[in-house]
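If you want the building blocks of each chain, they are given just below.
Protein chains: 2
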Amino acid sequence: MRLTQFFLNTLREAPNEAELASHQLMLRAGLIKKLGGGLYSWLPLGYRVLKKVENIVRDEMERAGALEVLMPAIQPAELWAESGRWEIFGEQMLKIKDRHDRDFCFGPTHEEVITDIARQDIKSYRQLPINLYQIQTKFRDEIRPRFGVMRAREFLMKDAYSFHTDFADLKREYRNMFDTYCRIFERLELQYRPVAADTGAIGGTGSHEFHVLAESGEDAIAYCPESDYAANVELAEAVVAKGVQIPSMVSLKKVSTPQVMKCEDVANQLNIPIANILKTLALISNDKLVLVLIRGDHQLNEIKLTKLEGMAQFRFATDEEIHEHLGGPMGFIGPVRIDSKIRIISDRTAKLMSNFICGANEQDYHLTGVNFDRDIENEIEVADIRNVVSGDLSPDGKGTLEICRGIEVGHIFQLRTKYSDLLKCQYLDKEGKSKSTEMGCYGIGISRIVAAAIEQGHDEKGIVWPRSIAPYSLAIAAIGYKKSAIVKDFCDNLESELIDAGVEVLLDDRGERPGVMFADLELIGIPYRLTVGDRGINEGKLEWTDRLTGQTSSIASDSALDEIMNNLREEKN
Amino acid sequence: MRLTQFFLNTLREAPNEAELASHQLMLRAGLIKKLGGGLYSWLPLGYRVLKKVENIVRDEMERAGALEVLMPAIQPAELWAESGRWEIFGEQMLKIKDRHDRDFCFGPTHEEVITDIARQDIKSYRQLPINLYQIQTKFRDEIRPRFGVMRAREFLMKDAYSFHTDFADLKREYRNMFDTYCRIFERLELQYRPVAADTGAIGGTGSHEFHVLAESGEDAIAYCPESDYAANVELAEAVVAKGVQIPSMVSLKKVSTPQVMKCEDVANQLNIPIANILKTLALISNDKLVLVLIRGDHQLNEIKLTKLEGMAQFRFATDEEIHEHLGGPMGFIGPVRIDSKIRIISDRTAKLMSNFICGANEQDYHLTGVNFDRDIENEIEVADIRNVVSGDLSPDGKGTLEICRGIEVGHIFQLRTKYSDLLKCQYLDKEGKSKSTEMGCYGIGISRIVAAAIEQGHDEKGIVWPRSIAPYSLAIAAIGYKKSAIVKDFCDNLESELIDAGVEVLLDDRGERPGVMFADLELIGIPYRLTVGDRGINEGKLEWTDRLTGQTSSIASDSALDEIMNNLREEKN
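Chains as they are written, first to last, in numbering that gives the first Met the number 0: chain A, 0 to 572; chain B, 0 to 572.
Read the hints as simulated data drawn from the structure, not as lab findings.
One or more of the hints may lead you astray.
Which copy? The list can't say, so a pair holds if one copy fits it or any two copies do.
Claimed, not checked - Straight-line Cα separation of at most 20 angstroms, EDC-like style, residue types lysine to aspartate or glutamate; simulated pairs:
hint : residue 1 : residue 2
1    : 94        : 141
2    : 33        : 120
3    : 51        : 61
4    : 33        : 77
Please build the complete structure, drawing on both the sequences and the hints.
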């Protein structure tokens, strides 16, 4: 491809609204163009990358035995009423009325549609298992779309759905998809990590997310460097070392802490470690006050909390409610000497504290030297309700956890019979009995992977693509293309030889100054650049530059094709 | 692919609602599944065909120098307000409100979006020409979706848009796209015809439709067997032979025709050819009555009529209006002795009539022996306002026209500066002056082509695919696959050898009776079938059957691979 025949418009600066490096670079490199909030057009350079990601995903899905289909984007409301999700899904679902005033949505996902197909076409165990996938445009009406294609409203997704006679076979296919995803991300040359995950709104049991590791990632991942363990912080269990509880050694004391409400500030004022402070959260669940206790340096994990009995839907208490039940104001509350009917839930780690500090339920006062057994009369439920932190024990007992950040690009679920029960998707087993099919579903964010690859691969000059998805393998920067017949002939010949050899080559034939060409080619991240000018041709030496390392070497102009092919082959191995 | 691992469910009968052969066969062969009105899922077998069509289109677009992009399906109303089409497009456009109550549509076409991209990114003549295309899901909210994917609401389309400095360059690219479309339909192995067309709602000047020829086609096409001439009947000019007008030889006479109103019935009663009857249509345009005259055996072409001055928006007159202006009732009207201010438009051919019959503007009476010059006092405008019929002279003067029916699968337009003027898409020319870009647009209905191919290629047994888009090239019908180890080993080996040789082979390993296998394989239209059973293997002879002709020949079992490869190669040439 010649740049004069291509559609490329690079920008020196990205629009202000772009915060993330990938968003800035995708706009600057002309990969995408904004049409509206969370809506982006993929321009030719960006589309080449998107298509390469798509093709790798398709190739591995086929290899795994899945069959490609294409379901409509527009789905009738009736199906979603059957699964109960028409109401549950919320405002993220783009609801539509057609000209006859009938209700539809722009599908945010396709469990209902695929289950409707399966319940019509799958009659017998002989037709199982089956895994159907599609690569298709989805829409989720994000309240605040941001980060470019990373969290766009319209996006390209691969979604697969498998059907099985029993759980064992579902688990076999789940493992097959797990391995397929690993192959996909390895072929994409991305650093990634599969992590145990919460199942969220999709439902079912058993789920893994696949994260591309990047500091800017929205998700925190806990992993154990000494083992395979990895889980989303939402889910990772906070394991408590079997320790000895230090007995209550000091007496309870009320101290004045005027206007000091946050744990950090209390620790500062009293000159003690923040881990000595007990954080008390006042929540309302089923119209009753619940106190939740967390160590001052820890964070509540709301997902873990909602799984406890009676806590599925809670909210934080208002100042009035706190006054009413505890007497004291927000910021100074604690579990000591309160109404004995108030439910108290303590995090496991917090329950091991002794001689700690907490609020006195009185404006501008805290208590010090507090101990659970001696000072708190209410029954205390103990549960894992905090986020893990770096240094926590790994749940697999093989070391301690570290925290890293990741971008979720894949998610696989064991749905079990959730949708087949709701939509009555049944088959006849060998004995002729009707049974619900076991189901799995497997998603990959195709368009998000492009942004994630940039988050992982960029420097101050621009994008550094993995070779597997770079829009072109090699760029020729032709210095003086429009002035020198020698340069033009050399580049034209080399380009056509490279095309014949199957190399995706981009010839910069614009006749721009070297600085302009280099800056553009670095910004768009072509892995290798061959610089060709009169001097190089005269001296018989051309400059070869590696985008990733910036290292240069020279290539003999009279054996350029062979040397280039060697360089590209070597890098592949 | 083995049929036991595939997802195929054939039906003996199609649902009643399917009228068209392609719709019936696509449902029966399990290519598609209905989700809702005009909404279809593509199942694995159908998707393979769809993808093959898509890939041929993509391949030829790339060869033609076009660059692939992907624009959002969801488009903001503001852009459509700029072009004025938000209101004009009508109810076919699916309008949507997002969670913030902002207006969007599910794009039925992308002129606005692409012009918005071009006006941002194209600054200079140096960046032109450019041709950008996408293969993407479109939505048109048809009032009565029917014929399966032929007229679905959601469908897959290739749409391309080109930008140019001047009209000459637009015409060059238009020719390039015309030739590209011919190559595409030749590679698809479809009988097709490019025809001159009306530009319709898209606007601009110059337009060709590409039709797949089929008796069930919705469009009538006039073509000249002796030349290249072809045009949609909507547009084809009715040329009048230079003849001599026969002088008025008979006198005007009023005849009683009680309750006889239709031209056919009048001709029958009076025992004269229908071509001797003048059909008079009473229309209202700009609140005035207009009479339109057509020969009794011809049809009014409303598109031609609307292009005449003052006729852009007309309607048929009511019985009251006819009484008011002409005195007589509907069914008995004519242009003789009427208010001299009434505008009369006559079709060219009608104007050549003499001694003809028309209504008397009186209940149950017609006039005979009518002649224009002698009996009609009003001024008569003469224009081409009828549909051509078989036997009309070809407008290129090279013979006479025939009429055939076609399915529109492609449409190319010279948009000129319609959208670039409205959206201010301008570039700087060599002199530094701002100019509107000249534009072309080029559509192909990818999903409709699949249905059109079936309309053209089917018989009583099912589908007969063109080899270029058949889901598999060859089927192996394994008789006794589950009972005979010899058959199983032979088929398994042959299958893997064929896969290694790059042949797309479908092995029917279900162990069904031959009749069931043959019926399914014929229904889904695999071009060749190799039948393998114990007897064939013992005798060293296997049966090879051609789906199109039904002819069989034999293949030696000990050189099966070579003979199959020879057969497939021969058929390609």
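Hint by hint, here is what the structure shows:
no.: 1; hint: 94 / 141; verdict: both (13 angstroms within a copy, 19 angstroms between copies)
no.: 2; hint: 33 / 120; verdict: between (41 angstroms within a copy, 12 angstroms between copies)
no.: 3; hint: 51 / 61; verdict: both (15 angstroms within a copy, 16 angstroms between copies)
no.: 4; hint: 33 / 77; verdict: between (34 angstroms within a copy, 14 angstroms between copies)
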